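Modelling step: build the complete structure from the supplied sequences, incorporating the hints.
Number of protein chains: 6
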Amino acid sequence: MANDSSFSHFNVTFPVANVAHVEINRPKKLNAFNKEMWLEYGTIFKQLSSDSSTRAIILSGAGERAFTAGLDLMSSGELTNAHDTVDAARKATALRRFIKDFQDAIGSAESCEKPVICVLHGISYGLAIDIATCADIRICASDTKFAVKEVDIGIAADIGTLSRLPKIVGSLSWVKEIAFTARVFGADEAFRQGFVSSVQPTKAEAIEEGLRLATLIAEKSPLGVQGTKSLINYSIDHTIQDGLEYTRVWNACALQAPDPAIAIQATMQKKKANFAKL
Amino acid sequence: MANDSSFSHFNVTFPVANVAHVEINRPKKLNAFNKEMWLEYGTIFKQLSSDSSTRAIILSGAGERAFTAGLDLMSSGELTNAHDTVDAARKATALRRFIKDFQDAIGSAESCEKPVICVLHGISYGLAIDIATCADIRICASDTKFAVKEVDIGIAADIGTLSRLPKIVGSLSWVKEIAFTARVFGADEAFRQGFVSSVQPTKAEAIEEGLRLATLIAEKSPLGVQGTKSLINYSIDHTIQDGLEYTRVWNACALQAPDPAIAIQATMQKKKANFAKL
Amino acid sequence: MANDSSFSHFNVTFPVANVAHVEINRPKKLNAFNKEMWLEYGTIFKQLSSDSSTRAIILSGAGERAFTAGLDLMSSGELTNAHDTVDAARKATALRRFIKDFQDAIGSAESCEKPVICVLHGISYGLAIDIATCADIRICASDTKFAVKEVDIGIAADIGTLSRLPKIVGSLSWVKEIAFTARVFGADEAFRQGFVSSVQPTKAEAIEEGLRLATLIAEKSPLGVQGTKSLINYSIDHTIQDGLEYTRVWNACALQAPDPAIAIQATMQKKKANFAKL
Amino acid sequence: MANDSSFSHFNVTFPVANVAHVEINRPKKLNAFNKEMWLEYGTIFKQLSSDSSTRAIILSGAGERAFTAGLDLMSSGELTNAHDTVDAARKATALRRFIKDFQDAIGSAESCEKPVICVLHGISYGLAIDIATCADIRICASDTKFAVKEVDIGIAADIGTLSRLPKIVGSLSWVKEIAFTARVFGADEAFRQGFVSSVQPTKAEAIEEGLRLATLIAEKSPLGVQGTKSLINYSIDHTIQDGLEYTRVWNACALQAPDPAIAIQATMQKKKANFAKL
Amino acid sequence: MANDSSFSHFNVTFPVANVAHVEINRPKKLNAFNKEMWLEYGTIFKQLSSDSSTRAIILSGAGERAFTAGLDLMSSGELTNAHDTVDAARKATALRRFIKDFQDAIGSAESCEKPVICVLHGISYGLAIDIATCADIRICASDTKFAVKEVDIGIAADIGTLSRLPKIVGSLSWVKEIAFTARVFGADEAFRQGFVSSVQPTKAEAIEEGLRLATLIAEKSPLGVQGTKSLINYSIDHTIQDGLEYTRVWNACALQAPDPAIAIQATMQKKKANFAKL
Amino acid sequence: MANDSSFSHFNVTFPVANVAHVEINRPKKLNAFNKEMWLEYGTIFKQLSSDSSTRAIILSGAGERAFTAGLDLMSSGELTNAHDTVDAARKATALRRFIKDFQDAIGSAESCEKPVICVLHGISYGLAIDIATCADIRICASDTKFAVKEVDIGIAADIGTLSRLPKIVGSLSWVKEIAFTARVFGADEAFRQGFVSSVQPTKAEAIEEGLRLATLIAEKSPLGVQGTKSLINYSIDHTIQDGLEYTRVWNACALQAPDPAIAIQATMQKKKANFAKL
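Top line first, the protein sequences correspond to chains A, B, C, D, E and F.
According to this note's numbering, numbering within the first sequence proceeds without interruption in unit steps and concludes at 382.
According to this note's numbering, numbering within the second sequence proceeds without interruption in unit steps and concludes at 382.
According to this note's numbering, numbering within the third sequence proceeds without interruption in unit steps and concludes at 382.
According to this note's numbering, numbering within the fourth sequence proceeds without interruption in unit steps and concludes at 382.
According to this note's numbering, numbering within the fifth sequence proceeds without interruption in unit steps and concludes at 382.
According to this note's numbering, numbering within the sixth sequence proceeds without interruption in unit steps and concludes at 382.
Since the hints were derived computationally from the structure, they do not count as laboratory data.
No experiment lies behind these values; they were computed from the predicted model shown.
Copies of the same chain look alike in the list, so a pair counts if it fits in one copy or across any two.
With a straight-line Cα cutoff of 27 Å, these simulated DSS-like cross-link-like pairs (lysine-lysine) come out:
id	residue 1	residue 2
1	K133	K375
2	K204	K271
3	K249	K374
4	K150	K133
5	K132	K249
6	K133	K204
7	K381	K139
8	K139	K150
Structure below.
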């Protein structure tokens, strides 16, 4: 992939070798998502997943005010009204299919083979949290305002926040508190609770830090890095013994690559290593 | 349910609309539990679970000295002695049934459909931790003294602490340290480790904060809040994909309620929303 | 077991009653592990697991510079080169068997019935993290430099770090950051993230603190302590309901021991309790 | 327990030492179940589970025409109509609670510690299959007509058939065929597919065979038999390794009973063994 | 969907109201699959899954000689040769992506919401078994020759046979025997082992029986039938308790449809019921 | 390995190229197992697992009367008596360790990488079933008398029968019937229930059939066969999606072997293929 301007609501650029930058680009609407957008979002991450020249991805939102304000309620309203004449069970079938497509699109960053660094700033409500929990690494600007906002519109979050949040931070008491109350929390609290792994003073600096991390990761062996993502994601949902078994089947092949030899030699020669695409 | 004075060892009141307050009321014995008490405790939470006028629950202990000092050893001694003439395997059968009933009673706060906020203070040993780990949100007064006390009486905790604690805080090293040593730890450590999500200067202020949270939660759509509890609890014990699947089956029905429309309209009109019972 | 000098690369001593001290003893090579060493390591923990006079174990590294610098790359190189003439699938079979033996050896501290306290200092890279994640409690000296180093040699860690780390600390964002970047992190960060449960100024003080903890644990009922380890380890990989069921089958027998009575009497008499071996 | 005539719709008798016979007794209505009946059913099996003089249970239906024709649609209609004024999500909450109570009642034969032998005859539709799948052993008379009847009333079976049937017979193609078509199948087909383990010419002979099996089982060590039920039920829902681990924790206590010595001595002396209650 | 002739290698027709017939149509090549075909196959079942006028699907192969002879080795050879210059680990990455796409396409019949009846005849080797194991119901002509053929080309089956076969028939000894030896087995053996649920004399009669079943199923409430498929598939991979919980969340909504009332009324009036689309 | 006469109670021979025959050799005691024997048994299968010249294994019992009569009660009695002076919990710890070693030894045929064909004849009681359930394929002589004998000595089977039997045959009703009653069943019933996959008239013919199967399997690619065993065993204990994921990681490497090309070429040339060791 090269810089790609074919997407309606996203900028996809390659600011550094092997690093993709996906920018949510609907700043006038606080980067709120309509259906067309999340379908496009899914397409982008599915493409990057097997794009051999991409080794790390940063994800951010255009404009100063918001990473994303969440779901565009204007555009989603149509769904719940569309089927007024049918019964509750048939409506439920339509809704279930709709939610699955939505979950699959947003989950594409998690199943993407390449590491995804999510850089949050400003308003980061509702769907912002669903999106962020699918990323591998989360960092944010100090002005970020987070909220698991769904209970404030009378629903339980259903695009992934409630399934993933208890597995990516340590304090279940805190998870439930923010999910039951929908209260806004800031960057410092997000850091203290382990939701983000660093806070930068401004959005610009957060993007810079995201790029620095992505560049550092992109210089490593892509086999080592992508294997690491696969194995950690597998381990979250399996027993330790299962994780160990899967790991040895995976690495029994991965260890046959030239990358370890290249990496060790580069270290000895104090040069940058040059790894084949993946 | 209305204020209910029919319980021997608990006060159940409704200090605020849709908020129940369950108070352990055996302060002379430091709120230590005998069998009659934990049976009553289970009954209360089972009733509140489907009580349509309850939307949030706070749980606390009467008196200044203790949330609860744990199991009343005087009353539990009878069990282990009762079956002296039978063999080890038959004693084990009796004990297994006994522990199951005990676990079921204490676990009733976890399976209760309504959010439970546990407010701890003073002595909070042994069973206090089992009870607290079943609650959704934990807050405490600054004088709280916590201990996973069971190894000090020569046993492994068996009413839930060891099954739940590794899933509700982040540091397994810390969990094992406090469980192996039975050492007392204070409110600040409990907060730093994510066991509680806030510390208040006094018991009174902790109760007040608990009530503030409960009131805030009770004003939200009960469908949104109770769905959130169900989905988080499901997700803790399932894979992410399982969590997502269960979520869409759940929400395919929940989204058909009028609550989202009521919530959005109330927000626009800057009024309090008024949701139907659940 | 008594003090045992029959091991080539480890000192196994009993500095306090019922406390074993396993010291990695290859300081000239920064305690780097070759195959002979990790086989020996596995043997030691398997022996201690059922040694009835051991009730707690501390693990540390000899010398001032390193807990361990990880795998001795000199000695491991032979493996990947050994099978040059066979195809990728047959090499993979050999590697899978090799990794399983390696995982089993390092995992022996986790499956060891007795609590293991890992005391880290200085360089603690790569295999050091695999080893530490298998221990129950981790403490360190302030000079410790940690790194999940494997991506820097072009591979994904495969001896347990990626399977265990997400389950023993709270922030998955942090886990992925350190695993993708291989960056070095210090004692304070390790403490803040819950990887270690205390930091001591020097290696000597860290060993002292490890011994203090081990001694404290060794004075408790070994049934209570070892049951606690078993039940927590079971619970990490099972649902809460499964954990509760396993717990009651376990304790239905354990509660028949004289240890509770001994413990309670000792407390009343303010004496040290004296428990039978296990 | 002694013969108990306090139940409205069931006869509970003890035709042989340590053998209980639970008979569904509403033959005029083809033993169809209303809510009062399944609540009573749950109560009976919960009592028998810990009744120390019961070692095996047979379950059958009174009258010649039916084991049970299933749910009494007259009595269940009220439920779905009761909440007409509330929204789909609130109705769903009420239904979910209702189904859970129903599932718990019918599932009581599965969680009952004592073996349950279900003897089917005549019409055995719908709920009959839910009930039978919870039993341990199924036998039937040659006139039995089985049907997973629920799709014929426009619903998916929800009291357990769909969750248990795929785990208790071998052919998933057959399970889906009978569940999708609701077609009636006979005793021979049920035997060939492994749903029942024997077919007897008449109802009377089937009851006799059930009693013969129950008597045989009741003469064995209740520790051996009830342990066997526990361990098989655990194994169905766990991995083999989990099953083995649970088994050794279970038997480590069970093996300490005098039952093995009593059993072996009785065999040598060619006498009946006499085991203590459980 | 109407009759659709836009597919290159499949005929998709609607011979009966609400019944789709998918016919593999490459008889000159014994219906062997190349990549273009299995992609098309996946597309068809994904479309039918949400096609509201389809309530049951039969799947068969054109021509007299084969359901399918399996993978077209000519077309698949290209894959393994394509990446000759890269290392084993990078080849593995390409292969892993390729197998996933293949598995997803073939698995589409399993995840299809509508019941799929697979009608086998003649040569049914290799991929034929992968395909058949994804269907809900399997029936066959008496001339069918089955084989899990993969070991005869030196590989382990990887498109689903080994993951699904142990869960859809009863005898693991038989599963392993046919998988290790690749021996051909006939219709009678397939029936006796529960792999198919009926055998018809000829292909024509098998198609007729498939249509009869599909028609019967299509006349039932689609909510009842599709719910039944969902709940059985869920239950195969979850514990009984999980199955029961998922079932009640599912049915709490499904029971609100008019279908039960329509079904009961039709039965009373001895008319065909007329259910709304799904 | 070559023919090996170093074992005390087993004959290990290689009657055909790449086929090992393990014969239980204590016919005077009806091949009953004492501790020394099952330790030796475990050692043999662990060695064969990675023996590159073994591609299939048959297991049988010497003498005409018994495959094995099970555990040698004379030798096992010592265990339960040995620890008379300690309490129930400490006895349980000793027993738990003992059972684990026993389970590990018997389970070695399941974890053995090579297919194991168990040939049963004559008395096959108790431990015989534990052993047989660990094998991949079971065949028997027509004189075989099977029994899950453990309840007759007052215990629940604990070496694997209860964990594996429900997963290797289809009828749970039958499994529970034979496990609760300890009744003897014959070869025909074992075949009908899918426990064995063929019955031969005599022991000699059963051995011959076992050798024929083993020889057939040993002529296939060992990568294909051993991969098939690994993948089926994995799938039994995991969800279908997990099975598919593991399969693709496994085969992504296995498909790179020359075996498929060798197999296809041999088929075309109608010669026997010659595969490299594994």
